[in-house]
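Now for the letters of each chain:
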Amino acid sequence: MKQSGSEHHTKLTSAKRPLYPEGLPSGPLPPALQPPLLCQLLLEWVLPDALQEPVLGDLQEEFIERQQQSRSSACWWYRGQTVSTCWHFLHQTKGDWLMLVLSMVFFIGISLWAMFVSNPADPWTYYDFVSLVLIFPSALLFAVGATSRRTLQQAVAFLMNPGAAAEPVVYQQIRHFFDVMGQSALLLGFFSTLIGVVAIANAMTAENFAASFGPATAVCLLTLLYGSGLKTLCYVAAQKVSFTARENSRNDSVLG
Amino acid sequence: MAQDKFIGEMEHMVLLAVLRLNEQAYGSQIRQCLADTVDRDLSIGALYTTLERLEQKGLLKSRLGEATAERGGRAKKYFAITAEGQQALHRSKQALDRLWQGLALRQGASVTVPQNGMEFPA
Chain A
1 MKQSGSEHHT
11 KLTSAKRPLY
21 PEGLPSGPLP
31 PALQPPLLCQ
41 LLLEWVLPDA
51 LQEPVLGDLQ
61 EEFIERQQQS
71 RSSACWWYRG
81 QTVSTCWHFL
91 HQTKGDWLML
101 VLSMVFFIGI
111 SLWAMFVSNP
121 ADPWTYYDFV
131 SLVLIFPSAL
141 LFAVGATSRR
151 TLQQAVAFLM
161 NPGAAAEPVV
171 YQQIRHFFDV
181 MGQSALLLGF
191 FSTLIGVVAI
201 ANAMTAENFA
211 ASFGPATAVC
221 LLTLLYGSGL
231 KTLCYVAAQK
241 VSFTARENSR
251 NDSVLG
Chain B
1 MAQDKFIGEM
11 EHMVLLAVLR
21 LNEQAYGSQI
31 RQCLADTVDR
41 DLSIGALYTT
51 LERLEQKGLL
61 KSRLGEATAE
71 RGGRAKKYFA
81 ITAEGQQALH
91 RSKQALDRLW
101 QGLALRQGAS
111 VTVPQNGMEF
121 PA
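Line by line, the protein sequences are chains A and B. Okay, so the first sequence: first residue is 1 according to the UniProt record's numbering, each after it adds one. Okay, so the second sequence: first residue is 1 according to the UniProt record's numbering, each after it adds one.
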């Protein structure tokens, strides 16, 4: 049976038997009184700066009360509150991030769907581990090599929170990072395709032409496909960086 | 202008809870007050969304209070109702009272209107 809010609160108040009757020790709370760490991190990420302290404090206060009855149910309660709070604040504080992620997920989803529809009997036709390794890590390494590891961290931080203000030079560096990564992916795609074409041409004989030319060409074109996909995603990310930089500079000029 | 501000049911309840709690109106206490008094178990996210909205409308004001050990050293955010908030509550109550005038709920069935004889399903 569902327990009503007032019943639960009355039960909480009546069953309050403090674990630390002499009061909580000063300093950081003992691990037994800590709510789930991931939930706390998620809340810190989602909540506006001004609300982090009061909301996390209120949740912590009630969590300590509840975990005197059962730590497990208190943890589940905390997780429920985290989900609900994220639901209420995500669009407000992370609206930019949500749209960027949604657009990328949509692109990836629709591409996977197109691959499946084009060959329902064997959708794994579009998967080739060697081609993936040739494109993704190499493009990332080129981008880090052409910029810096710090720029990689800034780019990841930007993707996690596009709304956070930064210096104009930081935006330029992040944009440069995505430009290099996208261009490298595309060029690597062409380069790897050429390797494949040379290998096909070298191994081609009159006997095996009909049987092997089609499948071998398909595999060698996969690198170009992966490269183009990554280039598209990097293009969107770079445009987002430019847009955010322009918005921030406009806000700064309005504020004087 | 205060005359133009209308409040919804949830805002009405939250303002009344803040009024009842007087000096002790902060997130947990408001949540508990609503659960104990009207059996409304609001999530902390929903509550703070409403509190923020009321503050933006100028019906509530807030201040940061003390940090305690059981809150992990985090400060409380105390809320208090403003003069505009009190006016909005008063106006809302008057409007509801006027709408209820002459109506009586028959238990479990319908609303009766004594003068014109019309009945509405409840």
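Hints listed in this document are in silico derivations from the structure and should not be mistaken for laboratory results. Check before you lean on any hint, since a few could be wrong.
Over the 12 Å line for every Cβ pair with chain B, so calculated as not near, a few chain A residues [what the hints assert, rightly or not]:
#1 Leu29
#2 Gln52
#3 His88
#4 Gln173
#5 Ser212
#6 Leu233
Computed spacing ranges between beta-carbons, pair by pair [what the hints assert, rightly or not]:
#7 Leu99(B) - Ala164(A): 24 to 34 Å
#8 Tyr235(A) - Asn22(B): 16 to 26 Å
#9 Ala75(B) - Trp45(A): 47 to 57 Å
#10 Pro30(A) - Thr37(B): 27 to 37 Å
#11 Pro36(A) - Glu9(B): 31 to 41 Å
#12 Val38(B) - Pro36(A): 39 to 49 Å
#13 Phe116(A) - Thr37(B): 26 to 36 Å
#14 Val38(B) - Trp76(A): 21 to 31 Å
#15 Trp100(B) - Asp49(A): 41 to 51 Å
Below are the DSBU-like pairs computed for lysine-lysine, each with C-alpha atoms no more than 30 Å apart in a straight line [unchecked claim]:
#16 Lys61(B) - Lys94(A)
#17 Lys57(B) - Lys93(B)
#18 Lys61(B) - Lys93(B)
#19 Lys57(B) - Lys94(A)
The C-beta atom is built at its ideal place from N, Cα and C for all residues, glycine as well.
Could you tell me whether the CB distance from Val38(B) to Trp76(A) stays inside 21 to 31 Å? With a Cβ separation near 24 Å, Val38(B) and Trp76(A) satisfy 21 to 31 Å, so the hint holds.
Grab the minimum beta-carbon distance between Leu29(A) and chain B and tell me whether it stays above 12 Å. Since the minimum Cβ distance to chain B is about 6 Å, Leu29(A) lies within 12 Å and the statement is violated.
Mind checking the alpha carbons of Lys57(B) and Lys93(B) for me, to see if they're no more than 30 Å apart? 18 Å, holds
Between Trp100(B) and Asp49(A), does the C-beta distance stay in 41 to 51 Å? 43 Å, holds
The hint says 27 to 37 Å between Pro30(A) and Thr37(B); measuring C-beta to C-beta, is that right? 34 Å, holds
Checking a non-interface call: every C-beta of chain B should be farther than 12 Å from the C-beta of Leu233(A). Is that right? 31 Å, holds
Would you assess whether Ser212(A), listed as outside the interface, keeps its beta-carbon beyond 12 Å of every beta-carbon in chain B? Nearest chain B Cβ is 59 Å from Ser212(A), so the label holds.
Need the status of pair Lys57(B), Lys94(A): alpha-carbon distance at most 30 Å? 23 Å, holds
Could you see if the CB distance from Pro36(A) to Glu9(B) stays within 31 to 41 Å? 33 Å, holds
Would you mind confirming whether the straight-line C-alpha gap from Lys61(B) to Lys93(B) stays at or under 30 Å? With Cα atoms ~21 Å apart, Lys61(B) and Lys93(B) stay inside 30 Å; holds.
When you check the alpha-carbon spacing of Lys61(B) and Lys94(A), does it fall within 30 Å? 25 Å, holds
Lying within 26 to 36 Å: is that true of the beta-carbon distance Phe116(A) to Thr37(B)? 55 Å, violated
Hint compliance for this structure: hints 1, 2, 3, 7, 8, 9, 12 and 13 are broken, all remaining hints hold.
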